[in-house]
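*Asks:* So the chains spell out like this:
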Amino acid sequence: MANTPDSSPSGAAETQPRALGSNATARGPLESVELLSGQPRRRRDRRFRLLCIGTAAFSVLILVGLLGSILIQGLPHLTWTLTTNGPEPDPQRAGIRPAVFGTLWVCLICGLLTLPIGVATAILLEEYQPKSRIGRFLYGIIQLNITNLAGVPSVVYGLLGLTAFVSMFGLFGTAASDQDTQTSRYEIGVRYFDQFFSEGERAILIPVDSASAPMTQPVAGMTALNFYGEEIQPTVLSPGQPLPTDETLQYTLYADAEAGRITQQAWYYFSLPLGRGVLAGALTLMLVILPVVIISSQEALRAVPGSLRAGALGLGATQWQVVWNVTLPSAMPGILTGSILAMSRAIGETAPILIIAGIVYISRAPQHLMDDFTVMPLQLFNWISRPQEDFHSLAAAGIILLLGILLSFNAVAVLIRQKLHKPLS
Amino acid sequence: MPAYRFSAHFRVASMLTAAFAVAVLVTGCAPESFREDDSGTRPRWPNPELQGKINIDGSSTVFPITEAAASQFRQRYPNVSVNVGVSGTGGGFKRFTRGEIDIADASRPLDAHEFSMARAAGIAAIELPIAYDGLTVVVHNDNDWVDQLTIEEIHAIYAASKAAKRWSDIRPGFPDRPIQPFAPGTDSGTFEYFREVVIGHDESLRSDMSTSEDDNVLVTGVSGSTGSIGFFGAAYFEENRHRVRAVPIVDPRTGRAVLPTRETIQSGEYAPLSRPLFIYVAKRSAGRPEVKRFVEFYLESAPELAAAAGYVALPPAIYQAGLSNFRNRRTGTHYLTAEGEKRAGAVMDVFQTHNLRED
Numbered sequence: 001m002a003n004t005p006d007s008s009p010s011g012a013a014e015t016q017p018r019a020l021g022s023n024a025t026a027r028g029p030l031e032s033v034e035l036l037s038g039q040p041r042r043r044r045d046r047r048f049r050l051l052c053i054g055t056a057a058f059s060v061l062i063l064v065g066l067l068g069s070i071l072i073q074g075l076p077h078l079t080w081t082l083t084t085n086g087p088e089p090d091p092q093r094a095g096i097r098p099a100v101f102g103t104l105w106v107c108l109i110c111g112l113l114t115l116p117i118g119v120a121t122a123i124l125l126e127e128y129q130p131k132s133r134i135g136r137f138l139y140g141i142i143q144l145n146i147t148n149l150a151g152v153p154s155v156v157y158g159l160l161g162l163t164a165f166v167s168m169f170g171l172f173g174t175a176a177s178d179q180d181t182q183t184s185r186y187e188i189g190v191r192y193f194d195q196f197f198s199e200g201e202r203a204i205l206i207p208v209d210s211a212s213a214p215m216t217q218p219v220a221g222m223t224a225l226n227f228y229g230e231e232i233q234p235t236v237l238s239p240g241q242p243l244p245t246d247e248t249l250q251y252t253l254y255a256d257a258e259a260g261r262i263t264q265q266a267w268y269y270f271s272l273p274l275g276r277g278v279l280a281g282a283l284t285l286m287l288v289i290l291p292v293v294i295i296s297s298q299e300a301l302r303a304v305p306g307s308l309r310a311g312a313l314g315l316g317a318t319q320w321q322v323v324w325n326v327t328l329p330s331a332m333p334g335i336l337t338g339s340i341l342a343m344s345r346a347i348g349e350t351a352p353i354l355i356i357a358g359i360v361y362i363s364r365a366p367q368h369l370m371d372d373f374t375v376m377p378l379q380l381f382n383w384i385s386r387p388q389e390d391f392h393s394l395a396a397a398g399i400i401l402l403l404g405i406l407l408s409f410n411a412v413a414v415l416i417r418q419k420l421h422k423p424l425s
Numbered sequence: 001m002p003a004y005r006f007s008a009h010f011r012v013a014s015m016l017t018a019a020f021a022v023a024v025l026v027t028g029c030a031p032e033s034f035r036e037d038d039s040g041t042r043p044r045w046p047n048p049e050l051q052g053k054i055n056i057d058g059s060s061t062v063f064p065i066t067e068a069a070a071s072q073f074r075q076r077y078p079n080v081s082v083n084v085g086v087s088g089t090g091g092g093f094k095r096f097t098r099g100e101i102d103i104a105d106a107s108r109p110l111d112a113h114e115f116s117m118a119r120a121a122g123i124a125a126i127e128l129p130i131a132y133d134g135l136t137v138v139v140h141n142d143n144d145w146v147d148q149l150t151i152e153e154i155h156a157i158y159a160a161s162k163a164a165k166r167w168s169d170i171r172p173g174f175p176d177r178p179i180q181p182f183a184p185g186t187d188s189g190t191f192e193y194f195r196e197v198v199i200g201h202d203e204s205l206r207s208d209m210s211t212s213e214d215d216n217v218l219v220t221g222v223s224g225s226t227g228s229i230g231f232f233g234a235a236y237f238e239e240n241r242h243r244v245r246a247v248p249i250v251d252p253r254t255g256r257a258v259l260p261t262r263e264t265i266q267s268g269e270y271a272p273l274s275r276p277l278f279i280y281v282a283k284r285s286a287g288r289p290e291v292k293r294f295v296e297f298y299l300e301s302a303p304e305l306a307a308a309a310g311y312v313a314l315p316p317a318i319y320q321a322g323l324s325n326f327r328n329r330r331t332g333t334h335y336l337t338a339e340g341e342k343r344a345g346a347v348m349d350v351f352q353t354h355n356l357r358e359d
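Order-wise, the sequence lines are chains A and B. Going by the numbering used here, the first residue of the first sequence is number 1, and it counts up by one from there. Going by the numbering used here, the first residue of the second sequence is number 1, and it counts up by one from there.
Treat the hints as calculated values from the structure; they're not laboratory data. For clarity, every value in this text was computed on a predicted model and none was experimentally measured. Built from N, CA and C at the ideal position, the CB exists for glycine as well. Check each hint, because a few of them may be wrong.
[To be verified] Simulated crosslink set (SDA-like; lysine to any residue; CA at most 20 Å straight-line):
no.	chain 1	residue 1	chain 2	residue 2
1	B	165	B	205
2	B	342	B	192
3	B	283	A	245
4	B	283	A	164
[To be verified] With the C-beta cut set under 8 Å, the calculated list includes, among others, these residues of chain B facing chain A:
no.	residue
5	47
6	70
7	81
8	87
9	147
10	151
11	153
12	241
13	242
14	243
15	290
16	310
17	313
18	317
19	349
Throw the hints in and build the complete structure from the sequences for me.
*Replies:* This is the structure we're talking about:
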């Protein structure tokens, strides 16, 4: 290590400090003496280099160790079953499909909501600087709050989301679940039915107007719909009467049969309050990552040279033209980098979703914005805390899948960033 | 023109995102495949005609049984969606009394406070025991001195007032080695049950022990050092028989030391550390066709489901009694007296119609 690589390019630079050093000693003994002697100086430099390499290698080794153990444990279990099945008690058949779709839904919606709001806020704070003292004071308060919010634990956002989005402060009624017939909520894209299940195991559906309509009682001669929406005339028997043996059994009910209210929700189903659905989860995650997106977008905008703005303004461009045509395109790569980091955080966030959704067994992927969901980290956590060793391996395979999704999200963002990136000159 | 190039790229980017989103939505919304059969003699299962949603939440101890029931129920009625959460027994009851869920999983019977909360909210619950869990006390495999433990000795290890530091403090014959106690997290029903039986409510557990919400961590901890001791549900011991050793516990009533096994737990010999697990069904949900079929299916298959999840099945008479209570909508709890006192004992003794405190 006598001839270290760092000494070779600094041949010219080496003379300079030495000259400076001799100058310094000429001035007085208090000035740096060490600069004179080259050996300890270079040794210190080498030691610092080694320290940097050491710390970098340490973190990389930990990462390699973690990834390695996950890959070794998980790869044999990374099968199609994992991506096509829902959670099951049997590790051989268990999959993570509903959670994968839950994660994709939540993160896509979260990203679509966060980017415009975050970037717009950053533009306001950076490009539209206030002129008055009161304005500057207000801006200062906003800035301080955003910086503070970036450090708030995500559980707190979960609790906030529970009152602000899930129940909406009780402003729109307090319907606890969508089967709740006592209270009403505002909704579109839903049809209500009273469902009887006949003695022949067929569904008999009676459309009702609203969630709070009185429960249907079976009466002779009532008309109803079957599962396929065709009109039928169910037979109603009084209790104790013998059941028919022919095909009318299909739609035969006893008069004491009970109905259950069910809902059929269209893909555009929307309700207020939002309930424990995908949208409430995405909005809560938005709160978690919004400060990060705003701050990184601000940094990116600040890095755009002022001369560009001044030039555009000097050519007669309006503020809007400057932002849209000059500042934003130049800052886009930086904004996207910040957003990638923020989305990576959102995809792995467990605590707020545990509070909002709280579901770990769900067999269906979400069908609309208000639908129940779970996300991958929740499913993985549940598998890891199981007693069976097989579930731990399954969780490892799920982690690989989660990493894959995360990396492909990031790849898309990096691709867009590369496309947008162009030199400022 | 930079402006033009930017918006072109922006358009590409947004189109990419939109295409991705649409692809996700389309694949996510693939409907359940229905078996069309108009011949009249349709196969009984799977039957797509029954629709609806059942919301369940509560104990993580009961979760594996409920998950198994939900997953098998899906084979029969694929269009009934059953959602199961794990908010813990207390958290599940809270949601239950708010009317958010149809069924609450519980690793202990509801207490007087929860009972009155539910009554105030006008939500009556049907109490259904579904399995036994034998709380297992375990030590390190190389621990050759502990042949059996009494409740007092366990108390001396875990209670804050005693907090024995060395094994020799427990019993004169034990070696002079340090004790390392492990315990499940304080929010779990397992911890609460242990506290109630061994420590009592007037005293607290020692604070210098290792706790973890994840029972696998406890297994690893106990198997890590010779002087350690811990406790958790039977399912975790079942999966880790080779790593830790179960300790026979002396029943204070009979004075006999009993090892937790399927037989001793079911017969009630393993006492007082075995406990029943429950589901509570909301009365107002019980009439819905999908809930009715789910609960009946749950009770019918509970013996196999419990065994598969590492728990012990209850005697058939208990399931029969539960089923008849459910069909007759008999609400209330068997575990509180009319004065609101707790009632304890083997399920066979407590789960009797004359003990039912109706609400």
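*Asks:* Check each numbered hint against the structure and report the violated ones by number, ascending.
*Replies:* Result: hints 3, 4, 9, 10, 11, 12, 13, 14, 17, 18, 19 break, sorted rising.
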